[in-house]
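The chain contents come next:
Number of protein chains: 2
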Amino acid sequence: MGKKIVIIGGVAAGPKSACRVKRLLPDAEVTIIDQDSLISYGGCGIPYYVSGDVSDEKELRNTSFHMTRDEAFFLKAKGVTARTNTRALDIDRKAKVVHIEDVHTGAKESIPYDNLVLATGTKPNMLPIPGADLDGVFTISDLHKAIAIKERIARGEVSQAVVIGGGAIGIEMAEAFSDLWGIKTTILEFMPQIMPRIVDWEFARMLETHLTESGVDVFTSEAASAIEGENGKVRRVVTPKRTLEADLVVMAVGVRARSELAQAAGLLVSPMGNIVVNERLQTSDPSIYAAGDCIEVKNMVSGKNSIAPMGSLANREGRIVGDNIAGIPTKYKGWIGSFTMKAFERCIAATGLSLESALAEGFDAAAVTTAQSDRAHFFPTEAIIPLRLVFDKRTRKALGVQGFGPMGDAVLARIDAAAAIIGQGGTIDDLSQLEMAYAPPFATALDALNATANAADNLAAGRLRYVSIRDFLAWMEDFASHPDWVALDLRHPNETGHFVERYGKEKWLSVPYIEIRDRYQELPKDKTMLIICDAGTRSSEIQIVLDYLGLSNNLVLGGGFNIIRRMGVAWWPN
Amino acid sequence: MGKKIVIIGGVAAGPKSACRVKRLLPDAEVTIIDQDSLISYGGCGIPYYVSGDVSDEKELRNTSFHMTRDEAFFLKAKGVTARTNTRALDIDRKAKVVHIEDVHTGAKESIPYDNLVLATGTKPNMLPIPGADLDGVFTISDLHKAIAIKERIARGEVSQAVVIGGGAIGIEMAEAFSDLWGIKTTILEFMPQIMPRIVDWEFARMLETHLTESGVDVFTSEAASAIEGENGKVRRVVTPKRTLEADLVVMAVGVRARSELAQAAGLLVSPMGNIVVNERLQTSDPSIYAAGDCIEVKNMVSGKNSIAPMGSLANREGRIVGDNIAGIPTKYKGWIGSFTMKAFERCIAATGLSLESALAEGFDAAAVTTAQSDRAHFFPTEAIIPLRLVFDKRTRKALGVQGFGPMGDAVLARIDAAAAIIGQGGTIDDLSQLEMAYAPPFATALDALNATANAADNLAAGRLRYVSIRDFLAWMEDFASHPDWVALDLRHPNETGHFVERYGKEKWLSVPYIEIRDRYQELPKDKTMLIICDAGTRSSEIQIVLDYLGLSNNLVLGGGFNIIRRMGVAWWPN
Numbered sequence: 001m002g003k004k005i006v007i008i009g010g011v012a013a014g015p016k017s018a019c020r021v022k023r024l025l026p027d028a029e030v031t032i033i034d035q036d037s038l039i040s041y042g043g044c045g046i047p048y049y050v051s052g053d054v055s056d057e058k059e060l061r062n063t064s065f066h067m068t069r070d071e072a073f074f075l076k077a078k079g080v081t082a083r084t085n086t087r088a089l090d091i092d093r094k095a096k097v098v099h100i101e102d103v104h105t106g107a108k109e110s111i112p113y114d115n116l117v118l119a120t121g122t123k124p125n126m127l128p129i130p131g132a133d134l135d136g137v138f139t140i141s142d143l144h145k146a147i148a149i150k151e152r153i154a155r156g157e158v159s160q161a162v163v164i165g166g167g168a169i170g171i172e173m174a175e176a177f178s179d180l181w182g183i184k185t186t187i188l189e190f191m192p193q194i195m196p197r198i199v200d201w202e203f204a205r206m207l208e209t210h211l212t213e214s215g216v217d218v219f220t221s222e223a224a225s226a227i228e229g230e231n232g233k234v235r236r237v238v239t240p241k242r243t244l245e246a247d248l249v250v251m252a253v254g255v256r257a258r259s260e261l262a263q264a265a266g267l268l269v270s271p272m273g274n275i276v277v278n279e280r281l282q283t284s285d286p287s288i289y290a291a292g293d294c295i296e297v298k299n300m301v302s303g304k305n306s307i308a309p310m311g312s313l314a315n316r317e318g319r320i321v322g323d324n325i326a327g328i329p330t331k332y333k334g335w336i337g338s339f340t341m342k343a344f345e346r347c348i349a350a351t352g353l354s355l356e357s358a359l360a361e362g363f364d365a366a367a368v369t370t371a372q373s374d375r376a377h378f379f380p381t382e383a384i385i386p387l388r389l390v391f392d393k394r395t396r397k398a399l400g401v402q403g404f405g406p407m408g409d410a411v412l413a414r415i416d417a418a419a420a421i422i423g424q425g426g427t428i429d430d431l432s433q434l435e436m437a438y439a440p441p442f443a444t445a446l447d448a449l450n451a452t453a454n455a456a457d458n459l460a461a462g463r464l465r466y467v468s469i470r471d472f473l474a475w476m477e478d479f480a481s482h483p484d485w486v487a488l489d490l491r492h493p494n495e496t497g498h499f500v501e502r503y504g505k506e507k508w509l510s511v512p513y514i515e516i517r518d519r520y521q522e523l524p525k526d527k528t529m530l531i532i533c534d535a536g537t538r539s540s541e542i543q544i545v546l547d548y549l550g551l552s553n554n555l556v557l558g559g560g561f562n563i564i565r566r567m568g569v570a571w572w573p574n
Numbered sequence: 001m002g003k004k005i006v007i008i009g010g011v012a013a014g015p016k017s018a019c020r021v022k023r024l025l026p027d028a029e030v031t032i033i034d035q036d037s038l039i040s041y042g043g044c045g046i047p048y049y050v051s052g053d054v055s056d057e058k059e060l061r062n063t064s065f066h067m068t069r070d071e072a073f074f075l076k077a078k079g080v081t082a083r084t085n086t087r088a089l090d091i092d093r094k095a096k097v098v099h100i101e102d103v104h105t106g107a108k109e110s111i112p113y114d115n116l117v118l119a120t121g122t123k124p125n126m127l128p129i130p131g132a133d134l135d136g137v138f139t140i141s142d143l144h145k146a147i148a149i150k151e152r153i154a155r156g157e158v159s160q161a162v163v164i165g166g167g168a169i170g171i172e173m174a175e176a177f178s179d180l181w182g183i184k185t186t187i188l189e190f191m192p193q194i195m196p197r198i199v200d201w202e203f204a205r206m207l208e209t210h211l212t213e214s215g216v217d218v219f220t221s222e223a224a225s226a227i228e229g230e231n232g233k234v235r236r237v238v239t240p241k242r243t244l245e246a247d248l249v250v251m252a253v254g255v256r257a258r259s260e261l262a263q264a265a266g267l268l269v270s271p272m273g274n275i276v277v278n279e280r281l282q283t284s285d286p287s288i289y290a291a292g293d294c295i296e297v298k299n300m301v302s303g304k305n306s307i308a309p310m311g312s313l314a315n316r317e318g319r320i321v322g323d324n325i326a327g328i329p330t331k332y333k334g335w336i337g338s339f340t341m342k343a344f345e346r347c348i349a350a351t352g353l354s355l356e357s358a359l360a361e362g363f364d365a366a367a368v369t370t371a372q373s374d375r376a377h378f379f380p381t382e383a384i385i386p387l388r389l390v391f392d393k394r395t396r397k398a399l400g401v402q403g404f405g406p407m408g409d410a411v412l413a414r415i416d417a418a419a420a421i422i423g424q425g426g427t428i429d430d431l432s433q434l435e436m437a438y439a440p441p442f443a444t445a446l447d448a449l450n451a452t453a454n455a456a457d458n459l460a461a462g463r464l465r466y467v468s469i470r471d472f473l474a475w476m477e478d479f480a481s482h483p484d485w486v487a488l489d490l491r492h493p494n495e496t497g498h499f500v501e502r503y504g505k506e507k508w509l510s511v512p513y514i515e516i517r518d519r520y521q522e523l524p525k526d527k528t529m530l531i532i533c534d535a536g537t538r539s540s541e542i543q544i545v546l547d548y549l550g551l552s553n554n555l556v557l558g559g560g561f562n563i564i565r566r567m568g569v570a571w572w573p574n
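Going line by line, the protein sequences match chains A and B. For reference, each letter of the first sequence is one residue, going 1 to 574 in our numbering. For reference, each letter of the second sequence is one residue, going 1 to 574 in our numbering.
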């Protein structure tokens, strides 16, 4: 027999490294150990199982050719032994042995290894609040939890749910509850926005507005202070501002690495508890590898190490571990943070850093926001896809791109293309010249992503000056915040009439885009004009014209009303 | 006044450079000259105008905010003078003057320039065959032709059409005729495949099959030898094999640069007639720039110069010319050949070189073809997207990617991401590690593009041996071509039964994927086994297993029956 390879953890990175190494070293003896009875499932599919899109949990464990990845499958198809219901107790690095225990019988055993792989994943955080242990409070940590939740729903026991945590899992679960099952669902997020750090506030707000329109209540800057129950069962969630009735509570407030085994074995673990690996994904013991959610990897944009708990990365890392064990030297350069998410009828996606994150990391960062068409404006399915490009002003390096649009793959196309540039350390010029495929049914001649890079180029060169969306919204709420500001609305009079009527001709100047060159003498010199259009494009052009005409007392509303309208504002005309 | 800038050509690159330079140099005097009455239209939208998706030709000349880009628009909105119906007669480079003529009155005039931009585009090739001048034979060279075609159709004068040329424009026009108007349409392509050089034969065949299923007849390796008419009007197209009735003929057999003005002015023009420019898009006279379809630019993958007549490139080039005239040094590195096309219910797209082109360019190239899911197999809209990656075996450089799939943006996402890697000179490893955004509604944990790169990695490392699709199809037509070959079909017996019955147990071995490790001793050692499954993935795995078991007498059918079925074969069971 060949090498003995033992893998602890059977969800994503574990099975991937097992199968890869077995393909590369067909005579290796490969064993996966997992304390669970269910392994190799698509955890990211849990919301679609709970929603009912996926009728049977087995589909999450199936291959694309409809076979279930159970112990027999791994043995027969892959030549890999999967020992489920088996807990790894500790690692004897000197003897190169893992001590294991049968979860049901308690029978103990030792398995020798030449190489060990730790793919122990994460465990969900629990808020230390009263009632967190009540029946009906769930985390989304494994398939059993998902099955239990769906059973309760299917039995009609859930009519109101509270999701604590407005990250991706929380939002996907809220959609699952609300969309098909009609459960009244509320999301609580203690940060001032949903998806904090992942996308900037403007994009979070567009998503939040869509969630609200879709029937999910969202409360930001609001933490759950207690969960209350009756007879041991959850009944409500209490916040400093309100009490929410709930038959079911999902706590989705982040995860942390499962690294107890690694720590006990004396392997290097970061202060945050993440398993430390080198570029070949070896731990501090070169015969032990680690992969997946439990390891700390370098973010290639920020240069910082952190866990990156994503199924897509777990699969890549598993393959790299397989390569290296088999003697193919393969490096994992790091991650950049590409993600996408469906929320009802919308897609939100991003890659790299948000502006807030980039600034927090010390970059001299700036961002442009655009709101252009995803395809030719005359093509029937055309839609606006807001994009945001974050870049470093000094190096012109692209740091991140965010996108929001209708459900479909239009946003994905731009984010994946941007991910390729950002992953290669590219600049806004690389994004500008990126040759995206064009035909009217799929794109515009100058793609929205290229156009966003061009806007960044103009901003970086000082050819563009923005008013921030935050400042603009504050001013709309209270003109006294900037008494010297006026709106210069370039849209068609049909669209501007409502605003002129409501705010007066002094505060809301309506001059159509095409008339500016003829009518610029009507414009004030003693006020700051906020130039407004639908997408921001015309506004940017007119800024240059006005500057040239000596009227540089102006700022552009980037992305225009296309962004503002999607963010949801009380003053928008119905 | 500032610089005088004259631009000859008003469709895409011309107006783009005009507007860009005017924004950068607001005091410049910018004049566009065009002999046509209609300018600044989206030529790529012509098929959608002819089909009726776009009701009015004005929509092709409109901005996204519904203004028509005519002379008044350019003047008022952009500050640019557009002189339509005005022909440039010649360029006096010494005096820096363009001599022009009013198309209608014949009045002549001279316009001085500091910088001149040639954006003269292309003219369509005409086959030198009898009858090419008959009434009813069209090229798609401008909007007037499109209007004339649509008028004939709308008047009910067209019931049968022949499109000569199976490139993108020909196919899009065939769809326009056939889909909405119900015109019986035939495509003639003199090369052995449609879209020659753009995609490889397998992908062309998948598209051809879909065209045929959608009601368009396609004849490849068949040239029109004559067009015949009655009373001066087209009536039929004759080929060596058949006579096709036709009320309308579209000749879409390529284009060549319009460079007569440049040539007459003594500017450097390539032997093919393309205007030669440097990286800043200056011609051999540094005060004269050129952009768009008329120039020769470097293909960054092949390193060769050629014209690249695409609207997306014209826009990029126009912006670069504007930058350089305004004193912002900007380089155009070259093009790579990204394209996408809708054909009825399918999307076909590619970037970089096809295998055939790469081999012709002297690369030591190979290709892998996969047929994987575009999103989680349990997500309702999941579909197979065949992908093909062409790479250099020595350098591992990615040379090109092709994709085919259902109409939508799934293929686009992979091609745009691949374009970013290929444009940066990346390798199959860069494609493998490209961090694409993942969530079940949009992708698989290991995206189809990553998986294709992994297959290329396996092929490059000698861990994968293919039978070519061409050889496999020849064998299926005539087993005598390789009497020593047998099929090893890994699919479920429900799927293989038909084949075993038809071809016999000797020629068609049905051993399910999961049973191979138990039943390998049944397999022949004296025949070459062609391993078959749906996507090629299981086959690749089993090849490794069999090799290890001493049965290396096998080859994998890459992409599996997912590809074969889409290519259309007579023997496919109904």
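These are calculated hints, taken from the structure and not from any lab test. This one's a predicted model, so the numbers in the text were calculated from it and none came from an experiment. Among the hints, erroneous ones may be present.
Pairs involving identical chains hold if they fit within one copy or between any two copies, as the list cannot separate such chains.
To be verified - Straight line, CA to CA, 20 Å or less: simulated DMTMM-like cross-link-like pairs of lysine to aspartate or glutamate: (1) Lys331 - Asp102; (2) Lys145 - Glu109; (3) Lys94 - Glu59; (4) Lys331 - Asp429; (5) Lys298 - Asp429; (6) Lys96 - Asp53; (7) Lys58 - Glu109; (8) Lys505 - Asp27.
How the hints compare with the structure:
In the homo-oligomer, the alpha carbons of Lys331 and Asp102 never lie at most 20 Å apart, since the shortest distance is 35 Å inside one protomer and 66 Å across protomers. Proximity of Lys145 to Glu109 under the C-alpha cut-off of 20 Å is found in neither arrangement, the shortest distances being 29 Å within a copy and 81 Å between copies. Taking the shortest alpha-carbon separations for Lys94 and Glu59, neither the intra-copy value of 41 Å nor the inter-copy value of 75 Å comes in at or below 20 Å. Proximity of Lys331 to Asp429 under the C-alpha cut-off of 20 Å is restricted to the inter-copy arrangement: shortest distance 10 Å between copies versus 28 Å within a copy.
For a Cα distance limit of 20 Å, the shortest separation of Lys298 from Asp429 across copies, 18 Å, qualifies, whereas the shortest one inside one copy, 25 Å, does not. In the homo-oligomer, the alpha carbons of Lys96 and Asp53 never lie at most 20 Å apart, since the shortest distance is 45 Å inside one protomer and 69 Å across protomers. When the C-alpha separation of Lys58 and Glu109 is checked against a cutoff of 20 Å, the pair qualifies neither within a copy, at 30 Å, nor between copies, at 78 Å. In this homomeric assembly, Lys505 and Asp27 never come within 20 Å of each other (Cα to Cα): the closest approach is 82 Å inside a single copy and 31 Å across copies.
This entry does not satisfy hints 1, 2, 3, 6, 7 and 8, going by the numbered hints stated previously.
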